[in-house]
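Enquirer: Take a look at the letters that make up each chain.
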Amino acid sequence: MKVLVVDDDYAVLDAMKDILEDEGYEVSVAANGLEALKELSRGTPPNVILLDLMMPVMNGWEFRQKQLEDDGLAAIPTIIVTAANKPEVSAAELQAATAIRKPIAPDTLLKTVQQYCR
Amino acid sequence: MYRRVGGSSPRGVPEKVSPVAGQSPFTGETESVPGPGQAENELFRLAAIVESSEDAIISKNLEGIVTSWNAGAERLFGYTAEEMVGTPISRLMPPEHRQDMAEILSRIRRGERVEHFESVRMKKSGERVPVSLSVSPIRDATGRIIGAAKIARDISEQKNHLAERERLYGEAQEAARMREEFLSVAGHEMRTPLTSLQFQLHTVQKRLEAAQPEKAMETLARARAQLERLASLTEELLDVTRITSGRMTLELEEVDLAQLVGETAERLREGGARAGCALTIEAPSSATGVWDRSRLDQVVTNLLSNAVKFGGGNPITVRVASDTSGAKLTVSDQGIGISAADQSRIFERFERAVSKQSYGGLGLGLWISRQIVEAHGGRIRVESTPGLGSTFEVTLPWTAMEMTA
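Protein sequences appear in the order of chains P and A.
Numbering follows the working numbering, with no gaps: position 111 of the first sequence is 111.
Every position in the second sequence, counted from 1, becomes a number in the working numbering once 1000 is added.
Do not rely on the hints blindly, as some may be mistaken.
[What the hints assert, rightly or not] With a straight-line Cα cutoff of 16 Å, these simulated EDC-like cross-link-like pairs (lysine to aspartate or glutamate) come out:
(1) A:Lys-1328 - A:Asp-1256
(2) A:Lys-1215 - P:Glu-21
(3) A:Lys-1328 - A:Asp-1297
(4) A:Lys-1123 - A:Glu-1096
(5) P:Lys-2 - P:Glu-26
(6) A:Lys-1215 - P:Asp-22
(7) P:Lys-66 - P:Glu-93
(8) A:Lys-1206 - P:Glu-23
(9) P:Lys-86 - A:Glu-1181
(10) A:Lys-1356 - P:Glu-62
(11) A:Lys-1124 - A:Glu-1083
(12) A:Lys-1206 - P:Asp-107
(13) A:Lys-1206 - P:Asp-22
(14) A:Lys-1206 - P:Glu-21
(15) P:Lys-17 - P:Asp-107
(16) P:Lys-17 - A:Glu-1218
(17) P:Lys-2 - P:Glu-39
(18) A:Lys-1124 - A:Glu-1074
(19) P:Lys-2 - P:Glu-23
(20) A:Lys-1215 - P:Glu-23
(21) P:Lys-66 - P:Glu-39
(22) A:Lys-1215 - P:Asp-14
(23) A:Lys-1328 - A:Glu-1383
(24) A:Lys-1206 - A:Glu-1218
(25) P:Lys-38 - P:Asp-70
(26) A:Lys-1123 - A:Asp-1154
(27) A:Lys-1356 - A:Glu-1181
[What the hints assert, rightly or not] A few chain A residues that don't get close to chain P, going by computed Cβ distances all over 12 Å:
(28) Arg-1110
(29) Asp-1154
(30) Leu-1168
(31) Arg-1177
[As the list claims (entries may be wrong)] Footprint (simulated), chain P over chain A, 3 or more residues, beta carbon under 8 Å:
(32) 1193-1205
(33) 1219-1231
(34) 1358-1372
Hints are computed from structural coordinates only; laboratory data are not their basis.
No residue lacks a Cβ here, since even glycine has one placed at the ideal position from N, Cα and C.
Here chain P stands alone, though its shape is the one from the complex (with noise of 0.2 Å):
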């Protein structure tokens, strides 16, 4: 199973590469939405998205109008993954899979991966 990570903070992306390795998942990093979108030109695309919000360059919301013009790339589950209040609230507004707010509990984010990654 396959995981994209997008987020612009070095340290999260790191923290969650090592937890979702270790428990099996082949995980492509993006430290923005640009990068994202270039990473899911290439290869197979994952199954699921986990997408921070606040970046540089692209933005979640931009990243996710983008990803949401593409058919191929809509289908990917998309999980929000912000330190921002409300959180539901921005995975309403971008049509994704669910919204997790940072800090998030480990076994969280593994369930919640779990639940979105067929």
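Once you've looked at the hints, dock chain A against the given chain P.
Expert: Okay, now just chain A, sitting in the frame of chain P:
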């Protein structure tokens, strides 16, 4: 009707007030009819009360023609009784308040009183004055309404107090809004390293359980970096209180700025490389002055972190130069740049020149840097072109002037 003739006695009571046209404006309010001598005394007593009033007391007929005008009215509006009696009261009406008069007169005709009606009137000089008006109908002996008695009070001071109170209330609301926003930003900033830390500790545990101590140690080292990040965020938050209460003091010692810049750059080199920003340092072998080492470290770290954050993945150059007056540090990036309008406010507290949807941060770094530099007796400034990059320049005298920020 009364017209004042002559000046006032030393006690402020008019020396002479003469009834004009044999009509008292108070007919309707005098219930008992005194004898002839008493009546005259009563008339002069009432006239004296009217004359000595601080408020403007004016009577007018139903056509709006002024029939009496006391000393208070002279003081308030600047017209003498001679100028006003027999002329339309509408002279006092600013064009934008003309409708007031029709409304007041129609209520008076219906026998109603108008109390504490706030409006604006015009002085002889043309100056507007806010007034509170109380207007009562005047009746003749048969009870027929023949005019109106008006008391006008200058409420400029009240209005000024009210405006001042509203201004202070607005300021307090704005401060409360900023504090709310800041707390929300601070919470957001804390959550990011906390997230990493939580994941890292979980990973350390899993790796130790899986008998992978080396891999666990690697993760622990990263976890420590997140703890340091949380500690420095906490310090930054505490700096707000230290600076605003004037409690930021400098611990001065000999510091080599060139060496300090080299150490900071080394610390940030990996992050810079991941962001695609190569760091170049141009510095003399040493540039030693008497400064606060940890505070200067804070300034250099802030400027370099900003250069990486906003540098657009392009090279960053850090220069240290010196002359007889002191040392100069410049940090140049080739990133998104700052518009001229934003350049003036980025050194202010909680200000940021970028969208919060794209860039995190407390909005405090440059403000704290400025406070530190100025506490040393130095200066910080920026030159920038949007889309081309920014150069921040810090100048420091060789010996800090030990000023308290």
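Enquirer: For each hint given before, does the structure comply? Return the numbers of the non-compliant ones in rising order.
Expert: The structure conflicts with no hint, since it agrees with every one listed earlier.
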